[in-house]
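Based on the sequences and whatever the hints tell you, model everything.
These protein sequences, in sequence, are chains S, L, H, C, W and F.
In case it helps, my numbering puts the first sequence at residues 1 to 282.
In case it helps, my numbering puts the second sequence at residues 283 to 564.
In case it helps, my numbering puts the third sequence at residues 565 to 846.
In case it helps, my numbering puts the fourth sequence at residues 847 to 1128.
In case it helps, my numbering puts the fifth sequence at residues 1129 to 1410.
In case it helps, my numbering puts the sixth sequence at residues 1411 to 1692.
These are calculated hints, taken from the structure and not from any lab test.
Computed from a prediction, not measured in an experiment: that's the story for all the values here.
Glycine included, each C-beta is placed from N, C-alpha and C at the ideal position.
Taking CB as the label site, the calculated pair distances span:
| hint | chain 1 | residue 1 | chain 2 | residue 2 | range |
| --- | --- | --- | --- | --- | --- |
| 1 | S | G68 | H | D644 | 26 to 32 Å |
| 2 | L | L530 | S | R47 | 15 to 21 Å |
| 3 | L | L530 | S | T250 | 21 to 27 Å |
| 4 | F | L1643 | S | L233 | 31 to 37 Å |
| 5 | C | A972 | H | P788 | 40 to 46 Å |
| 6 | S | G68 | H | R603 | 27 to 33 Å |
| 7 | L | S357 | H | R751 | 25 to 31 Å |
| 8 | L | S357 | F | A1426 | 36 to 42 Å |
| 9 | F | G1587 | S | A249 | 41 to 47 Å |
| 10 | H | P788 | L | S357 | 53 to 59 Å |
| 11 | H | R751 | C | A882 | 15 to 21 Å |
Once the Cα atoms are required to be at most 30 Å apart in a straight line, the calculated BS3-like pairs of lysine-lysine come out as:
| hint | chain 1 | residue 1 | chain 2 | residue 2 |
| --- | --- | --- | --- | --- |
| 12 | H | K634 | W | K1198 |
| 13 | L | K352 | S | K169 |
| 14 | C | K916 | H | K733 |
| 15 | F | K1480 | C | K916 |
| 16 | C | K1015 | H | K634 |
| 17 | L | K352 | C | K916 |
| 18 | W | K1297 | F | K1480 |
6 protein chains.
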Amino acid sequence: MIAHPLPVVYEPIVRAALAEDLGRAGDLTTDAVVPADARAHGVIVARRPGRISGLEIAAATFAAVDAGIKVTLESADGRDAAAGEVLAAVSGPARPVLTAERTALNLLGRLCGIATATRDLVTAVAGTGVRIADTRKTTPGLRALEKYAVRCGGGVNHRFGLDDAVLIKDNHLAIAGGVTEAVRRARAAAGHLVKIEVEVDTLEQLGEALAAGVDAVLLDNMTPEQLRGAVELAGGRVVLEASGGITLATAAEAAATGVDVISAGWLTHSAPALDVALDLEV
Amino acid sequence: MIAHPLPVVYEPIVRAALAEDLGRAGDLTTDAVVPADARAHGVIVARRPGRISGLEIAAATFAAVDAGIKVTLESADGRDAAAGEVLAAVSGPARPVLTAERTALNLLGRLCGIATATRDLVTAVAGTGVRIADTRKTTPGLRALEKYAVRCGGGVNHRFGLDDAVLIKDNHLAIAGGVTEAVRRARAAAGHLVKIEVEVDTLEQLGEALAAGVDAVLLDNMTPEQLRGAVELAGGRVVLEASGGITLATAAEAAATGVDVISAGWLTHSAPALDVALDLEV
Amino acid sequence: MIAHPLPVVYEPIVRAALAEDLGRAGDLTTDAVVPADARAHGVIVARRPGRISGLEIAAATFAAVDAGIKVTLESADGRDAAAGEVLAAVSGPARPVLTAERTALNLLGRLCGIATATRDLVTAVAGTGVRIADTRKTTPGLRALEKYAVRCGGGVNHRFGLDDAVLIKDNHLAIAGGVTEAVRRARAAAGHLVKIEVEVDTLEQLGEALAAGVDAVLLDNMTPEQLRGAVELAGGRVVLEASGGITLATAAEAAATGVDVISAGWLTHSAPALDVALDLEV
Amino acid sequence: MIAHPLPVVYEPIVRAALAEDLGRAGDLTTDAVVPADARAHGVIVARRPGRISGLEIAAATFAAVDAGIKVTLESADGRDAAAGEVLAAVSGPARPVLTAERTALNLLGRLCGIATATRDLVTAVAGTGVRIADTRKTTPGLRALEKYAVRCGGGVNHRFGLDDAVLIKDNHLAIAGGVTEAVRRARAAAGHLVKIEVEVDTLEQLGEALAAGVDAVLLDNMTPEQLRGAVELAGGRVVLEASGGITLATAAEAAATGVDVISAGWLTHSAPALDVALDLEV
Amino acid sequence: MIAHPLPVVYEPIVRAALAEDLGRAGDLTTDAVVPADARAHGVIVARRPGRISGLEIAAATFAAVDAGIKVTLESADGRDAAAGEVLAAVSGPARPVLTAERTALNLLGRLCGIATATRDLVTAVAGTGVRIADTRKTTPGLRALEKYAVRCGGGVNHRFGLDDAVLIKDNHLAIAGGVTEAVRRARAAAGHLVKIEVEVDTLEQLGEALAAGVDAVLLDNMTPEQLRGAVELAGGRVVLEASGGITLATAAEAAATGVDVISAGWLTHSAPALDVALDLEV
Amino acid sequence: MIAHPLPVVYEPIVRAALAEDLGRAGDLTTDAVVPADARAHGVIVARRPGRISGLEIAAATFAAVDAGIKVTLESADGRDAAAGEVLAAVSGPARPVLTAERTALNLLGRLCGIATATRDLVTAVAGTGVRIADTRKTTPGLRALEKYAVRCGGGVNHRFGLDDAVLIKDNHLAIAGGVTEAVRRARAAAGHLVKIEVEVDTLEQLGEALAAGVDAVLLDNMTPEQLRGAVELAGGRVVLEASGGITLATAAEAAATGVDVISAGWLTHSAPALDVALDLEV
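Spelled out as structure tokens, the structure:
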């Protein structure tokens, strides 16, 4: 059961997206061409196969334009859809249905795209026990939704922001003068519910991190061989996260090294949208 | 000279993006690990070749965190960058530089990605006189910036929203009962500075549109052969826009048919981000 | 059928207007003087004759204060009302009815005032085929609603902002060095759904504009004689808009010259509010 | 010395007004036609005589678009301007000057219009000691600025909202069952810094109000004869405010009756904008 | 009957408070541990005795998370509760009940705390006719609600802000050069519904204030003896407000001096929250 | 070195607080009484001893009203101040200094109050190695600032919201059917940088939590004896947090039991404000 964002979180995003599309004059075309009493019935379909995410948010988009639009979900977030599969039925007054269409689909297509990319990467490492995680490389303004889409794809969420965990990166290390000192400073400042992860480039740094007692280590841009060395060195004492340049093609090999987590920025910054459409009978 | 969005337009986006990343507690890591008086100097580089867009917005992101950060642009929006090319120099207090880094790069990478995809499509039709246009399939909240990125890539902008032009689509046609009646209604309602475009699937509809005197016709999902037929039929009387399923691979053939504009939703909804990074000497 | 702004557009305006009137302490008088269980029944009436605009927005204002207030419309936007005519019936708990009253009437009176002024100008040119248009000289924050009121008055909307059409004015011409060059630049930059209008003071400039192939020409502050010359010169090739100093008294003469559109800023910046009131039986 | 609203109050209004005019695409015309390095110099002039209000807000509008625009005030809020008089000099980069022009003038013209109407009414009662006051019939969203404009015109401000004083109107009286009981309830609830005014239609009600010990009485729609009777009856014990249907033509007669204040809703809801313009040398 | 703030006033506060607690990822614990179909039933109880304020706002907090949560009030704002007393019953889907709990209780506990402190001070002066008033020393963002809580405690509200009455303090006096001149300036500027209070340290200043004809005088940090002298000097001509350092222990003595109002900043800036809790049967 | 919130975080709070105090009409008193050219010089002093927090935010409040006000800090957040100690010098135009005064002091006094309460509790457990933590019982809208104040007092921050760590409470346990199952569910859902804490009432539950491998355990309302038992049972395997009913008087005894963290809601929900004032020479 994937926890869905609450309306108090996504409704402002939906309203802002609608306002962006409506501008000051609203839907010139629909207002001019479609009679006020026309009705529309139709279905939201996936034109291509993919993992679904954002159906309730799409439904809320129609409702935000006109509370009289009825959207009946035929699928659910977290399920796979075949090409051509019907995801939801939409019926109501034709004008607001047409006006809301693009905004609803923009949100749905983007979230399905991320969920699908995540699912594909999860599938690529199936059976290894490795978890697929996102990053903070998300679209400005949409992080809560995009990280939800990653969960719909079977992934887990890395930090939601700079403020919910410590991740000490190369520049922090350089300024602090090394892993030991950086971790010491972080531990002194962090509350007892804040985990500490450190990014390392070498096994030497990893050794230092293990000695410093961190919760997790990000192995940055390591080769499978290096990753194997890291797994051996860590001996299960910390969570090991492989990150940097891992693709669908290389994920299985990375996963086979025994790391715990593989994270990939492209799940959110470069996943193509899923092609979703509203087919109306009017 | 590509017109840049004004600060009054992009600053709220930058501030919201920063607030999203900072959350309530700010940058736990940097605040703990980096001394308040540490300085950082570095460069923003393109890890891969691409078309630049968003440099000033990235600079404004650093400035929004700390007005004492100095960003010197070494490239400019609308220029191409080679892999490894330095786009800007950044220097200032280390803490805010590190805190702003991800938000700045998220914005820059996304806009460069869109600009690069657009440039590639523009290049694919070079010499034909065909213009490459975006669509309304943009990221919720970022339309103004993403359409700017399209311009940086050499493209032109289609409608910014439902309210700045009439585009009569298949569902509108079905409800209105055909092209002639739909255009009649649109013209009756539209002000004198509103253009009218109609989406057609067949040459028969195109003929009807020409008779109705529209400003532009969107030729939806037509084969090159159909497009050629449309060009012949239109005889230069309207702007012809080919749309639907046109890729980098097929764009040249579509352009060769003589249409005026090719539009593609994937420029904004599926362009992968350009890999940009901040390399610091600390 | 005049397209009404969607709630997603006008509700934020209504809520901000209520917050402005309620301040921090709410309605001191009503809260002190009116018992919580008192009921109120009444009617919104037009004290003077006019064209109605904003009835649903006024109803939404009452509902925003208390969802239990029932407003039954007895007229409709776009209709004319006689002096004393009942526009709507209002009934519900007395406190929120009294609290919402002024904000609802402020919105309604302003929009009716604009609609009435527009209607009068439309009436003044009746039979000529000339359309009456507004300008961007609207009240900050209320443009979407005020332009709707113009439509309720029988007018059409000019640009909604700087971003939905090109209108090259005298200063642009001066900087660009003339009509031909300015239009050339505008055409190069504008997307295919953006119309181009140019403002001219002389027939010589009009000739240049016609040669440049613009979509429309704004004839600025011309005498009827000049307007007639312009109509003759244009020969139906472009939309001609007469603007500048045209009043109710002079509109018929201007319309008789054969121009297509007459625009007037005073429809929105100087139309007196219509006197509307809430008559309660308590 | 008229107290000017603080930037923290008016800047959000200015920014929202600019955003409304710029939309998503900004100033299409200026961006296309005006070179980025062009400079503009010019003056803001009053095309017609009037009382000035809003000059600093207009200047802030230019600055909000581009901090490099320099606006030098040649007049000041609260002064009178002759037709053609220069109010301010504007110089800076041409693009933002042109982009900000309409929003700045919309704000300035509206505020000058209100200030001018107020000044005219103040002038009409000059020498009588009567003060001219506004009402809550202001433009939604602009109350703070419009009430400032009234002060610039020599008027004084009535309530800013429902929450800063008690004004018991006819409907309140009807529900409470009369002046005595309504005032009793109001006094019991109101804090010690809240004044209580009651609206009366008859001298009998006025007598009741005097007995109840209110701070002020609004004499609603009374004839000069009735007003004189009220003045005599009150004998200086309360502030007497004449309101309802008082025009420039009838104000002197009303003032001569000896009332203390004359209030008029049309100062804010129906004052025509003053014609102000930006004349550039480019 | 204490007038409750309207939803249009408190709902934005509730939504912002929820957004603050939910962050970007929502309620990690509840989403993970509680099944989507679990139901919860429980009661909001006062762990300690106190005066109730904010029950409807707490109910609205649950509803803002999920409209399916039913809250039945068992007490009411303005009533006293014994330790352990049930204030409301809550039932609905378990997840949103748990997610909303802390935000609802934070609001309720704070407002009850202020109401209780006010009630205690009111009780301390019972029988003297003295009114207890708050100040502007409220929590940023919560003034409307905190001043409502004061009313629930039996107090009355002083100014809601800098803009609804004149209160001339020591620094104003110093700059103006004395009471007489300061009051003269204030009266010249203030509208006829604005009361004028002056803060004085000595009986000499009080005499000056009485001569100047102010509406109220704030007696700052005076001893009971000084207060008695002030009451004698004033002879009922103005409202006398004792302020500064008055505690629960000293209030009765201050009240006995014959002043009209006692105001205390600690009612809002330092009242401890009332301990309220949600006891669930799950 | 305590990390200060960034301006992008606190400036919106400051601006909203000012807008709340200024209302629509601004500072009536100062605008009327103080000449526009008057200057003010003064100092912010602590009337009582305490720990300082919020000095830069107070300074930013003055600057938000008028950029010409100069605030020179004489102390710093995180330092102790004696009664009467000067914290900062303020000089600039008198009007904005007086207008900003209350808002600046409201923020400063509240944050100093929380910092002082925290410091006192930290002092009470000095030498034990126990850390003092806050809770989520903060003021709606001010959590980021209040948690900063806790850090200024020497405390550490517990969760900032529902989304940055898992804290399984009694109701979660009841629904999940026990500690083991609840922790299993939490671990399955949580990302690798999310810590898991469980609240227990008994040593039996603690044993279950230890077996389940949580990161921390909240010992709810336990007696010192129970706490000692818990410390013994845990044997250093998890962080132990004592919470519930611990006061300044009982903290030392609780700390002596060997727990790691003591958390207290009253640090933020019930700490009295520190008395700070602005003493001007005018």
